[in-house]
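*Asks:* Please construct the entire structure, taking both the sequences and the accompanying hints into account.
There are 2 protein chains.
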Amino acid sequence: MPLITFQPGLRTARVARGTSLLDAATHAGVTIRAPCGGEGTCGECRARVESGAVEQVARGCLSQEETADGWILACSSRIAGDVTVRVTEEETATPAQIVSGAAEQRPDGTAGSFTGRIPGREGTPPTTKHCLQVEPGSLESPFSDFERLTRAVERSIGIKRVATGLHVLRELAAVLRARDGRITVTIDSSDEITPAEIVRIEPGDATNQQVGLAIDVGTTTCAVSLVDVARRRVFGTAANYNGQLARGADIISRINYARTSERIDELRSLVLHTLNGLIDQLCVAQEVVPEQIDSAVIAGNTTMMHLLLGLPPEHIRLEPYTPTVNRPPRLRGGTVGLAMNPEAYVRLVPGVGSYVGGDITAGLLQTALPDEGDQIRFFLDIGTNGEVVVGNGEWLMACAASAGPAFEGGGVSCGMRAGTGAIERVRVDPDSGRADITVIGGGRPRGICGSGMIDLLAELWAADLLDPSGKLQSSCSNGRIRPAKGSHRNLAYTVVSSADTETGKAIEIDERDIQNLLRTKAAVYSACAVMLNSLGLGFDCVAEVYVAGGFGRFLDLEKSIAIGLLPDLPLERFTYLGNSALAGARAMLCNASAWEEAGRLAERMTYLELNVDPAYMNEYTAALFLPHTDLDRFPTVKAGLAARRSNSEGTPP
Amino acid sequence: MPLITFQPGLRTARVARGTSLLDAATHAGVTIRAPCGGEGTCGECRARVESGAVEQVARGCLSQEETADGWILACSSRIAGDVTVRVTEEETATPAQIVSGAAEQRPDGTAGSFTGRIPGREGTPPTTKHCLQVEPGSLESPFSDFERLTRAVERSIGIKRVATGLHVLRELAAVLRARDGRITVTIDSSDEITPAEIVRIEPGDATNQQVGLAIDVGTTTCAVSLVDVARRRVFGTAANYNGQLARGADIISRINYARTSERIDELRSLVLHTLNGLIDQLCVAQEVVPEQIDSAVIAGNTTMMHLLLGLPPEHIRLEPYTPTVNRPPRLRGGTVGLAMNPEAYVRLVPGVGSYVGGDITAGLLQTALPDEGDQIRFFLDIGTNGEVVVGNGEWLMACAASAGPAFEGGGVSCGMRAGTGAIERVRVDPDSGRADITVIGGGRPRGICGSGMIDLLAELWAADLLDPSGKLQSSCSNGRIRPAKGSHRNLAYTVVSSADTETGKAIEIDERDIQNLLRTKAAVYSACAVMLNSLGLGFDCVAEVYVAGGFGRFLDLEKSIAIGLLPDLPLERFTYLGNSALAGARAMLCNASAWEEAGRLAERMTYLELNVDPAYMNEYTAALFLPHTDLDRFPTVKAGLAARRSNSEGTPP
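One line per chain: the protein sequences are P and L, in this order.
Residues in the first sequence are numbered consecutively from 9, following my numbering.
Residues in the second sequence are numbered consecutively from 9, following my numbering.
Note that these hints are calculated values from the structure, not bench results.
Here a beta-carbon is modelled for each residue, glycine too, at the ideal position from N, C-alpha and C.
One should not assume that every hint holds.
[What the hints assert, rightly or not] Listed next, the in silico SDA-like pairs over lysine to any residue satisfying Cα-Cα at most 25 Å (straight line):
no.: 1; chain 1: P; residue 1: LYS168; chain 2: L; residue 2: PRO203
no.: 2; chain 1: L; residue 1: LYS168; chain 2: P; residue 2: PRO203
no.: 3; chain 1: P; residue 1: LYS168; chain 2: L; residue 2: GLU604
no.: 4; chain 1: P; residue 1: LYS168; chain 2: L; residue 2: THR614
no.: 5; chain 1: L; residue 1: LYS168; chain 2: P; residue 2: SER601
no.: 6; chain 1: L; residue 1: LYS513; chain 2: L; residue 2: LEU543
no.: 7; chain 1: P; residue 1: LYS168; chain 2: L; residue 2: SER198
no.: 8; chain 1: L; residue 1: LYS479; chain 2: L; residue 2: SER654
no.: 9; chain 1: L; residue 1: LYS168; chain 2: P; residue 2: GLU611
no.: 10; chain 1: L; residue 1: LYS168; chain 2: P; residue 2: GLY607
no.: 11; chain 1: P; residue 1: LYS168; chain 2: L; residue 2: LYS168
no.: 12; chain 1: L; residue 1: LYS513; chain 2: L; residue 2: ARG41
no.: 13; chain 1: L; residue 1: LYS168; chain 2: P; residue 2: THR614
no.: 14; chain 1: P; residue 1: LYS168; chain 2: L; residue 2: SER197
no.: 15; chain 1: P; residue 1: LYS137; chain 2: P; residue 2: ARG239
no.: 16; chain 1: P; residue 1: LYS137; chain 2: P; residue 2: ALA600
no.: 17; chain 1: P; residue 1: LYS168; chain 2: L; residue 2: LYS513
no.: 18; chain 1: L; residue 1: LYS168; chain 2: P; residue 2: GLU605
[Said to hold, decoys possible] If we take Cβ atoms under 8 Å as the criterion, some of the chain P residues that face chain L in the derived model are:
no.: 19; residue: GLU143
no.: 20; residue: GLY145
no.: 21; residue: LEU174
no.: 22; residue: THR343
*Replies:* Here it is in structure tokens:
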């Protein structure tokens with residue numbers, strides 16, 4: 009088999025002829041970014057052949073000059089013999105952080121704080137601990153240890169038929185006799201199909217510690233909360249980029265990448281590596297052994313759930329867009345591959361379909377949409393995908409818009425997740441053109457998170473440094489707007505100069521970044537508009553709007569309206585939820601009735617397919633402006649603009 | 009750590025100081041026989057120190073002379089430093105054999121033959137295959153693959169809530185689309201606790217092949233049948249010694265050996281190695297891949313079930329004799345460790361208590377004991393343990409007698425399992441004292457199986473070469489009875505001289521062997537007598553007696569009565585079942601109602617503890633003679649004896 013050598017680092021692999029250079033890199037342990045999922049369209053996997061040759065099956069997005077210059081795309085090149093290539097490796101992701109509720113607090117800063125109490129109704133968790141007294145065996149009543157245990161469970165807890173596994177039976181004789189029959193059982197309650205099950209036994213009374221996991225698997229970001237289930241308290245929350253990012257930036261590129269079972273395994277390992285790293289980190293901080301974790305609830309979009317479980321996702325993107333499963337059975341921790349009690353159960357929040365997953369169902373639990381009554385409410389989840397749910401106590405309708413990861417730091421050169429070092433607030437001085445910033449953690453900035461992006465767009469536009477179509481206006485910028493590196497036709501605005509950043513690299517936003525942001529906000533707004541339209545309703549009838557997403561700790565609603573991301577409604581009708589999927593998962597972890605409600609919600613939601621609605625493309629195109637081509641839809645923005653114009657007209661030039 | 013070297017073969021291991029030499033041997037891959045389970049009582053693990061020294065914690069059964077001569081017991085010696093020892097290794101067990109129903113045929117030779125039809129009522133197996141048509145997904149009815157599958161299962165099979173595992177979901181998308189929605193599902197039916205579950209999916213119609221395993225895990229012998237479940241036919245049956253034999257000959261010595269979790273693991277691995285070897289052998293012969301096996305039923309005594317599952321067995325032998333479990337939940341093949349579909353289910357036949365296990369419940373299915381009516385019937389299972397069940401349609405009572413493995417070839421120097429090379433029939437010529445033998449397979453003999461032992465005892469006694477107390481009479485033996493090697497006080501009878509055996513070693517039976525056989529037959533008979541007595545009944549009220557055990561293909565009932573193993577009843581009341589546990593397991597594999605009946609039987613049986621009954625020891629002692637100290641209990645034997653005496657008296661000396 010040919011020998012492939014990767015530079016820098018001289019790492020090697022032997023692979024079969026015909027293997028793609030991208031797969032060869034994986035074998036050699038070299039991570040090359042492929043945001044488009046190996047489709048040849050993003051150009052990020054470009055490499056240069058130093059010696060030997062590869063067979064190029066497609067030029068992809070490379071120009072003829074680049075090809076002539078020796079550039080190739082790793083995804084579109086096949087190994088033909090020994091070769092040495094020089095590649096650009098994925099930058100090491102920023103380390104995971106234990107966040108104090110960043111990206112999951114309400115604007116008032118109360119909910120979801122670091123060790124805070126989980127809001128929502130009190131209730132019994134799906135997994136519970138009970139201390140029992142099991143009678144000793146005797147010659148007169150010759151019942152086995154397991155029979156006496158199940159009798160005690162029935163007598164004390166009222167569960168008549170309880171299942172158990174071999175791991176419990178193996179410990180039973182010793183545990184029963186360690187404290188004269190006093191034992192603690194951890195019971196996972198029955199669901200529609202499977203019975204209640206004893207997942208752990210411990211000697212004596214061990215009911216004071218019960219640890220669970222709430223997990224949100226996002227396309228861009230994964231977040232994990234370690235939860236004290238009995239006391240409904242969050243021990244800690246940690247978040248990091250999804251390790252699959254190197255294999256595609258959005259779900260379509262991940263699905264494209266997951267063409268073979270080996271690649272599905274690879275994607276599964278990548279996300280498990282991310283999740284288990286976060287779990288380990290939280291466990292170390294809390295002095296908990298992962299094997300003590302006896303329950304988990306995972307929310308995520310349908311593609312992320314498929315890849316986490318190793319299910320082939322291809323039919324999600326092929327008409328008629330059929331996933332393997334929307335409502336997975338509960339699965340054991342060991343089967344899923346999480347760092348926890350391998351015999352305890354993981355619950356995956358049920359979704360509606362290929363493009364409205366369990367993350368949306370979980371998020372809805374944080375809203376009043378499921379409540380009775382005829383008030384129309386909106387739920388927007390602006391992640392890498394944008395999902396919109398509208399409804400009242402009688403009906404719920406959901407749709408998906410391919411928003412893209414711009415507000416989570418993807419597809420924007422200076423973008424980053426809402427963590428330490430992210431610019432979360434921006435004010436632009438109209439006179440100097442200078443940006444005044446607020447950084448998470450207070451130090452030097454590394455990039456800009458979602459809330460900072462919204463601020464930046466709104467402020468640049470208000471300062472007349474940006475026109476409604478997203479073009480930067482260099483004239484009055486005092487030199488802060490200059491051609492971006494490598495292209496004189498693409499202008500860039502310098503938010504922070506290289507001298508003042510953590511990385512020593514200037515934080516800039518260019519017109520390509522701005523187009524990505526406009527596409528994202530247009531996708532979200534137009535999805536809302538089309539959905540209401542299809543119901544014969546207008547925005548004015550909407551009583552409440554819930555906004556979820558990984559923007560950051562705060563979302564400036566006024567500026568979100570100003571750029572046309574959110575509809576122009578009175579501010580008091582909006583509630584910012586932060587990461588609602590994670591919060592919903594925590595609620596289900598602590599309350600079985602929340603879990604059951606999620607099941608009912610997933611069943612109640614009707615899915616509207618936007619791609620087949622011709623009105624959607626018209627709406628989308630009209631929304632690609634700041635705030636919209638039809639200014640009358642944004643009366644307060646229009647009024648503000650008029651005031652600004654009259655001010656500037658009143659001022660002598 | 010000290011270095012231990014075993015001779016012959018120079019095999020080495022490094023183990024911690026204080027480790028027993030027996031455990032050090034296991035680490036070095038050296039198998040030393042320890043029939044007593046490492047208690048220091050059998051002396052079979054004796055070894056000689058060649059250099060270095062071990063610490064002797066007990067002399068065990070060694071004489072002072074032997075100790076002075078340099079002998080030690082491996083089980084009672086602790087490693088103190090580098091040492092070289094010479095050991096006697098376990099002889100390689102005879103290879104497993106695919107038997108043509110040997111040890112499991114009725115005297116008429118019809119039932120249970122090699123590829124024979126499994127007798128018993130027709131019925132639905134607990135695991136079934138169904139071919140279904142699953143409708144395709146569509147934009148109009150956007151159901152997931154799994155939803156459409158479960159709807160098809162409900163519509164076609166009538167199972168409303170069916171469980172499934174991740175392995176099925178991973179294949180579902182591809183399998184559904186391979187034959188336009190036509191698929192075959194293998195469903196394991198629901199039990200009292202757990203729901204019906206899809207354990208396999210295959211494209212198209214694959215209902216024609218459904219393979220299952222029926223397994224009998226005996227203390228001495230393990231037997232496996234590979235079964236064509238849908239057609240109720242046995243593909244083949246194979247048997248071999250239980251690999252745990254090297255760690256104790258009977259259940260008490262195995263329990264004594266299983267003191268640590270490492271040793272429990274070792275015993276579990278040993279029996280799994282035996283079973284998986286048999287499964288592989290059957291699969292190769294039948295051209296079946298073990299992963300195709302979708303169901304298994306295992307019968308075995310309670311200790312064997314504990315050791316197979318890795319459950320600590322110690323409380324089985326400690327008052328109040330409480331096992332961990334009598335009715336284990338069904339477990340996955342992968343969890344148990346069998347070579348089969350790891351996600352398919354294994355059913356372990358429920359038992360009654362520590363000394364009446366699932367092998368007895370399984371065996372009862374082969375009898376009329378569960379039938380309605382007031383006729384009293386007996387079931388004797390004469391394995392390494394002897395179990396007796398008596399009852400009618402209204403009540404069932406069971407007891408256990410520590411019979412010992414003499415009739416399975418254990419504790420008898422020339423004993424062997426009923427396989428190729430075993431002497432199964434013996435006639436002794438009273439004049440010459442010569443034995444006329446029949447060998448299984450027709451070749452030269454290697455040893456004697458249970459049916460041969462019974463023949464031999466009865467014939468030696470009838471030829472006046474053996475007295476009622478088990479002493480050999482050398483006077484008229486024409487030199488066939490001589491002092492056994494190594495002891496002039498222990499006489500031995502030569503069955504086959506060394507020139508005529510397969511091994512080149514003479515086949516002899518000595519007085520120690522005979523005492524073991526007498527103890528076994530006394531234990532069985534006295535258990536029957538005490539049990540009837542405790543019910544106020546006599547043998548005369550017994551309408552039917554079923555005899556099970558690994559004696560061989562045929563059991564001479566007349567001779568079994570002559571030696572006092574079986575009560576003196578008319579021959580037509582007896583039925584010889586052979587390996588009834590295996591036959592019962594096969595019936596349950598093919599018929600869910602047989603499985604359910606076994607559950608009811610286990611619940612109905614009352615256990616009588618013989619050890620606490622003072623009458624038992626008296627009965628046992630009286631039964632240690634041929635046929636019994638009280639000849640009046642064996643009127644036909646007494647009459648035959650009288651006739652013999654008068655014949656010999658009538659003949660001039």
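*Asks:* For every hint, state whether the structure bears it out.
*Replies:* Hints, verified against the model:
At most 25 Å may separate the alpha-carbon atoms for a hinted pair to count; LYS168 of chain P and PRO203 of chain L meet this at roughly 15 Å. Taking the CA atoms of LYS168 of chain L and PRO203 of chain P, the gap is about 15 Å. The hint holds against a cut of 25 Å. For the hint pairing LYS168 of chain P with GLU604 of chain L, the CA-to-CA distance comes to about 19 Å; that is within 25 Å, so the pair holds. Taking the CA atoms of LYS168 of chain P and THR614 of chain L, the gap is about 24 Å. The hint holds against a cut of 25 Å.
For the hint pairing LYS168 of chain L with SER601 of chain P, the CA-to-CA distance comes to about 23 Å; that is within 25 Å, so the pair holds. Among the hinted pairs, LYS513 of chain L with LEU543 of chain L is inconsistent with the structure: their alpha-carbon atoms are about 49 Å apart, more than 25 Å. Distance hint between LYS168 of chain P and SER198 of chain L is fulfilled; the C-alpha atoms sit about 16 Å from each other, no more than 25 Å. Among the hinted pairs, LYS479 of chain L with SER654 of chain L is consistent with the structure: their alpha-carbon atoms are about 23 Å apart, no more than 25 Å.
As the CA atoms of LYS168 of chain L and GLU611 of chain P are separated by approximately 18 Å, the hinted pair is consistent with the 25 Å bound. A distance of roughly 18 Å separates the Cα atoms of LYS168 of chain L and GLY607 of chain P; the hinted pair therefore holds under the 25 Å criterion. Between the alpha carbons of LYS168 of chain P and LYS168 of chain L the distance comes to roughly 22 Å, so the proposed pair stays at or under 25 Å and holds. The suggested pairing of LYS513 of chain L with ARG41 of chain L holds, with an alpha-carbon distance near 20 Å, which does not exceed 25 Å.
A distance of roughly 24 Å separates the Cα atoms of LYS168 of chain L and THR614 of chain P; the hinted pair therefore holds under the 25 Å criterion. Of the supplied pair hints, the one linking LYS168 of chain P and SER197 of chain L holds, its CA atoms being roughly 20 Å apart against a limit of 25 Å. Straight-line distance between C-alpha atoms of LYS137 of chain P and ARG239 of chain P comes to about 12 Å, which keeps the hinted pair within the 25 Å bound. Pair hint LYS137 of chain P plus ALA600 of chain P holds up; C-alpha atoms about 14 Å apart against a cutoff of 25 Å.
The suggested pairing of LYS168 of chain P with LYS513 of chain L is violated, with an alpha-carbon distance near 61 Å, which exceeds 25 Å. Between the alpha carbons of LYS168 of chain L and GLU605 of chain P the distance comes to roughly 22 Å, so the proposed pair stays at or under 25 Å and holds. Here the hint on GLU143 of chain P is broken, as its CB sits about 11 Å from the closest CB of chain L, past 8 Å. Checking GLY145 of chain P against chain L: minimum C-beta separation of about 4 Å stays under 8 Å; hint holds.
Taking 8 Å as the C-beta contact cut-off toward chain L, the hint placing LEU174 of chain P at the interface holds, the least distance being around 6 Å. Against a cut-off of 8 Å between C-beta atoms, the interface hint on THR343 of chain P holds, since the closest Cβ of chain L lies about 6 Å away.
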